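Top line first, the protein sequences correspond to chains A and B. Using our numbering, you'd call the opening residue of the first sequence number 1 and step up by one each time. Using our numbering, you'd call the opening residue of the second sequence number 1 and step up by one each time.
Bear in mind the hints are in silico, worked out from the structure with no lab data behind them. Values in this document were obtained by computation on a predicted structure and should not be read as measured data. The beta-carbon is built from N, C-alpha and C at its ideal position, and this holds for glycine as well. A few of these clues could be false.
Some chain A residues near chain B, calculated using beta-carbon distances under 7 angstroms [what the hints assert, rightly or not]:
id, residue
1, A48
2, H51
3, T66
4, G70
5, Y76
6, M91
7, G100
8, R107
9, E116
10, Y118
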Amino acid sequence: MLEVRGVQARYGDAQALWGVDLDVAAGEMVCIVGPNGAGKTTLVKTIAGLHAAAAGSVRMDGVELTAVPGHKVCDYGVATVPEGRRVFGHMTVRDNLLLGAYRRAARRVYRETEEEVYRLFPRLRERQGQLAGSLSGGEQQMLAIGRALMARPRLLLLDEPSLGLAPVIVDEVFDALAAVTRTGMGVLVVEQDVQRALEACGRGYLLIEGRIVTAGTTEALRSTDEVRQRVLGM
Amino acid sequence: MNTVQVVLSGAMLGGLYALMAAGVSVTWGVLRVINLAHFGLILLGAYLTYQLVTIWRVNPLVTLVVTVPALFVLGALLQWAYDRLNIVEFNSLLVSFGLLIVMIQVAQNIWTADHRELPRDINPFDTGSLSLGPIVLPYDRLVCLGLAVLLLGGGHLALQRTFVGRGMRAFAEDRTVAASFGIDHRRLSVLLGGAAGASAGIAGMAFMLGNLIQPSHAYEWFGIVFAVVILGGLGNLLGTLFAGISVGALSGLVGVLWSHAYVPIAVFAAIIVALVLRPQGVFVRRRAV
Chain A
1 MLEVRGVQAR YGDAQALWGV DLDVAAGEMV CIVGPNGAGK TTLVKTIAGL HAAAAGSVRM
61 DGVELTAVPG HKVCDYGVAT VPEGRRVFGH MTVRDNLLLG AYRRAARRVY RETEEEVYRL
121 FPRLRERQGQ LAGSLSGGEQ QMLAIGRALM ARPRLLLLDE PSLGLAPVIV DEVFDALAAV
181 TRTGMGVLVV EQDVQRALEA CGRGYLLIEG RIVTAGTTEA LRSTDEVRQR VLGM
Chain B
1 MNTVQVVLSG AMLGGLYALM AAGVSVTWGV LRVINLAHFG LILLGAYLTY QLVTIWRVNP
61 LVTLVVTVPA LFVLGALLQW AYDRLNIVEF NSLLVSFGLL IVMIQVAQNI WTADHRELPR
121 DINPFDTGSL SLGPIVLPYD RLVCLGLAVL LLGGGHLALQ RTFVGRGMRA FAEDRTVAAS
181 FGIDHRRLSV LLGGAAGASA GIAGMAFMLG NLIQPSHAYE WFGIVFAVVI LGGLGNLLGT
241 LFAGISVGAL SGLVGVLWSH AYVPIAVFAA IIVALVLRPQ GVFVRRRAV
């Protein structure tokens, strides 16, 4: 479904990605792990169309996304849960969710999707009328995921979903991600908590200094030397 | 009774301030453009109303059919240009002030610096009033308040309840995330700029109902309109409506208790106090922490 080929990205003169290849199929959960500064966030932003690729291609079911303007990428089934959640703090929980359904195709079915999101995160239903800025970190993360799901994506991108959250909440978040994966959605997650990511995902990529160093099933990754040394610290 | 009367008259006049402030508030709050040229659009709306009423000899409300679409287009064009030229919050002040000077000069060339007013025999709101016992409510001010309630109340509902309105609020908070959900900032800016322009047309017409117009009036509106915008909270139309009414009522009260000369002092003192107590805007729902 998602095919990333030879993607390069730059910030001015500084090159952040040096030809990344990556695939995500429907119904699988894939992780990108790697040390700080490896280019994980840049990779997510480039796929989401929020950062222009300097070279290479990002295809979603065969459609080239690097040529599509940033605000149109969601029309091709890509939704993002950004790093640091970035919910709209001055808007209510429900308004945040409905904003997620802004694109036309999602707008038509927003009531159904909203119900699905509330079933996935019952706490959001209780908090509907509250301002998003007043939620706890965990609730904001659930809201950021719910908002992305409201766009009815085929591919969900998540950047550091566990950052700053209590372990119990992280469990809840990853359970929810597993549930949406079972519905056939592709999930690509960038995660600092490598243990957690390797447990939750079927496949993974190790990104170091803007290059994919190792890729494979998470069991295989766990036993490679690079992963053990560079990110697990064993 | 006199006090009640002036407070009510002032509050109704406050509707006019709110009408003038609405466009400034949304473009500043959502698009981050402090558009001083908005006062030029109001001026233009007022003169167009004058011109059309004089030529057609119709009820001034009828002229909205022409002025609202015309100023929508102008407001949209203006916003499109700001967007193209990458005008941001700070330099928007300079650029739009320059534009305002040009607009005032143009108005002066066309309509001269003399006062203009709606022909009294056609303006049905000029002298009449509604009497409630001892209280007299002049028609022109009633219309101002009514239009303000309709326009700002309607605008508020549109921002709160519609997908596009939600998109605008989201855009005001975080443009990048908003874009990732399909919000096209170009289209949205032009639409909002147009809506602000249209509101200037309505404000200009409302102003003409009970006032004389001359080009330099655009400068005189600055103080009170910015006061209303700040008090109401940027981008908060319901707040702007209440702020306009409050400022109007306060001006009326101060004018009769002390002197009209003290009105600006009282209004701005009230704003300083209000901002010290509630820096997020007086009528803004407090963000729970």
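Going by Cβ atoms only, is Y76/A closer than 7 angstroms to chain B? violated (11 angstroms)
Closest C-beta approach of Y118/A to chain B relative to 7 angstroms, hint status: Cβ of Y118/A sits 18 angstroms from chain B, so the hint is violated.
Under 7 angstroms, Cβ to Cβ, is where A48/A needs to be relative to chain B, so tell me if that hint holds or is violated. At about 6 angstroms, which falls below the 7 angstroms cut-off, the nearest Cβ of chain B leaves the hint on A48/A intact, so it holds.
Restraint satisfaction for E116/A [CB to CB of chain B, less than 7 angstroms]: violated (17 angstroms)
Given T66/A as an interface hint, is its Cβ closer than 7 angstroms to any Cβ of chain B? This interface hint is violated because 15 angstroms lies over the 7 angstroms limit.
When the least beta-carbon distance from M91/A to chain B is tested against 7 angstroms, hint result: holds (6 angstroms)
Let's test the interface hint: is any C-beta of chain B closer than 7 angstroms to that of R107/A? holds (6 angstroms)
Hint check: is the beta carbon of G70/A less than 7 angstroms from a beta carbon of chain B? Where the cut-off is 7 angstroms and the nearest Cβ of chain B is about 5 angstroms from G70/A, the hint holds.
Proposed interface contact between H51/A and chain B, which counts if any beta carbon pair is under 7 angstroms: Status violated, d = 10 angstroms.
Chain B contact restraint for G100/A - C-beta distance below 7 angstroms: Result: holds, 6 angstroms to nearest chain B Cβ.
Consistency note: the structure conflicts with the earlier hints numbered 2, 3, 5, 9, 10.
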